[in-house]
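**Q** Chains A and B, in that order, are what the protein sequence lines are. The C-terminal residue of the first sequence carries number 421 in the working numbering, and the numbering is unbroken. The C-terminal residue of the second sequence carries number 1079 in the working numbering, and the numbering is unbroken.
Please keep in mind that the hints were generated in silico from the structure rather than gathered at the bench. Glycine included, every Cβ here is placed at the ideal spot set by N, Cα and C. One thing to keep in mind: the hints can contain errors.
So the derived list for chain A, only partly shown, Cβ under 10 Å to chain B, looks like this [what the hints assert, rightly or not]:
| # | residue |
| --- | --- |
| 1 | 298 |
| 2 | 306 |
| 3 | 336 |
| 4 | 379 |
| 5 | 393 |
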Amino acid sequence: MADPQTSAAGSWRQAVFDTLKAQDVRHIAYVPDAGHAVAIRMAQADPAMRAVVLTTEEEGIGYLAGAWLGGQRGALLLQSSGVGNCINTLALAACGRFPLLMVVTMRGDWAEFNPWQNPMGQATEPALNLMGVRTWRADRAEDVAPLLHGAASMAFNGDTACAVLLGQRLIGEKQWVK
Amino acid sequence: MGEVMPDWLERRAVVAALLEERGEMLVVTGLGSPSYDVMAAGDHPLNYYLCAAMGSAATVGLGLALAQPARQVLVITGDGEMLMGLGALATIGVQRPANLAIAVLNNGHFGETGMQASHAGLGVHLHGVAAACGFATAVEITDMAGLDGFRAGLAARDGTKFASIAVQANEPQRVLPPRDGVAIKNRFRAELGFAPI
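Excised from the complex, chain B in its bound form (with noise of 0.2 Å):
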């Protein structure tokens, strides 16, 4: 491991084609690269933009489904975010909340830490461990059209996914996102109609 493989999808055209007609959706970034992804794909004041706390993207991500049941939540994030945090899977399986999706962006390596090789890159299916937690969809995606079936399903909100998508180990310019935790927050909250304190 450790090559860019040239089949594998670009990172930003993966996550411009998920957020593209969003609608109402509401998403949740984990720290590194996907926020990069996500801000880059243009700022939006329902998304949640993690900074640290690794680990914690799908745990946010299933309180706020838990929350707001009407609104599909997506979670964006890495798969060494992923794996830091891989009992959430389970405690995500126990809850399957049927708004709830994971996308990690897999390219198998700690991209922020210098391409150091990570488990997903080592031969461990996070797709296998989210399918064993019990979520309704758990699947691996190496193209363009499994990526469009994946999010032409996110709309329903008719159960629990997962996507293990294929991206290339490279490093796109970084978009960084506001990182002011406490005005995001607030300004999430705002658009879902929530006073500050």
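The shape of chain A in the complex, shown without the other chains (with noise of 0.2 Å):
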């Protein structure tokens, strides 16, 4: 495979990082995934970014809503299965209308080859939709700067909870043997 960072289809990786950056967030709270690979590296490099890892998404939920009280803008980056863990969490963001940003890679809705994501990734949007968060998808890496703008813009104009969902089909299909 090739080195994410130079191929021209992993352009699309240093643009969630650039976005984020131009919309002055300062906070990237994170559980890994390899989607997301190049934003955690890159905020881990910056001085003026705090990369915070999290053992669970919804901690993410909790984190962001404090540095917002505190005056600082922040996003959260997960895989589809984490939208999971965040349901009851959301509550907070919907009672205390806090801007909420999501950044999330999508398993189990093109080329899944592993089962066990299907039944998370495919209620992801849905679920979301559900707690009040709004949705954006990106299946062509040039869509995904524009629609990751537009969703800060909304959460921090709007004290919105907003979520891009990175497709499959542009994340690439994961190869199982290696």
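Please assemble the complex out of the two chains, which come individually in their own frames, going by the hints.
**A** Quick look at the structure:
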């Protein structure tokens, strides 16, 4: 596999970080996913950013609410399975009307090899919508930056919970036998 | 377990002592009784009361502490709420903000739901978990002298702190905090100088 930092197909990975940076995001809370590896690495290397590794994704909702109470913006990077872990805690974003920006790498929606990823992956978008989170899907590299820019604008300018779903077609088929 | 331990501390007195001369300290409360205790000590614009999202008090405190390093942040929560966010102690243990302290009012029970024994009341030592996660201070407090020492250390902002405070398993009269999460958010941010959107 080509280095995702340099290949054309990987440029959207850089765009995720660049778009968050341009929106003055200072906190990147994450549970790792290969699709977010570039943004996580760049956040860790950026002295103006705080990269916070979580044990479970719902920690990020509280964390980012706290950062906003303290006057700063952040984003939560997670995989679609982690959306399931967030459901009850999304009440905090709803009841406090906190801005919440989630960037979700999808599983179970295209060429999924591991069927155990399918139930949560396929419930991810309706589950977010049921909990009051607005969603946008990016399946093409050129859509990532504009959709993330739009979601961030609506999150931080409108005290809204917003998620951009990065589709499996965009991320690429996972090679299970290497 | 299950009986009231008469030698343990009275939760309202504990919280009143923690918030005495609080100055510019920022306070986050876990859902349920700790919110009532903090409200009973006096409402304050720099209090953020959680009324749901169980397990989130510590993570809200972490985000706040990292965004406001010049202010002391005190999370006041219960053992049941802390248990639901136990992983947050590991997350905090990685970041270790010097201005974050967590005070768990530990009565060993789920007080809101009928006083069922919690893990903390059945032998799990929360302060031991915090110590293993790398908190600079991780103590169990069983008397007011110990509490005074913990409170005196807050102003120094010299390390991530955790205290499990043994309180009686009783239910003082409820003093409900405001439940409009948007209003208390805007009030809190305004006090720090941030305008609403």
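**Q** Is the shortest C-beta separation between residue 336 of chain A and chain B less than 10 Å?
**A** Status holds, d = 9 Å.
**Q** Is the shortest C-beta separation between residue 298 of chain A and chain B less than 10 Å?
**A** 3 Å, holds
**Q** Taking 10 Å as the limit, does the beta-carbon of residue 306 of chain A come near enough to a beta-carbon in chain B?
**A** Given a least distance of 4 Å, the restraint on residue 306 of chain A holds.
**Q** Answer holds if the nearest beta-carbon of chain B is closer than 10 Å to that of residue 393 of chain A; otherwise answer violated.
**A** 16 Å, violated
**Q** With chain B as the partner, please determine if residue 379 of chain A meets the hint condition of a C-beta pair closer than 10 Å.
**A** 20 Å, violated
Of the numbered hints listed earlier, those contradicted by the structure are 4 and 5.
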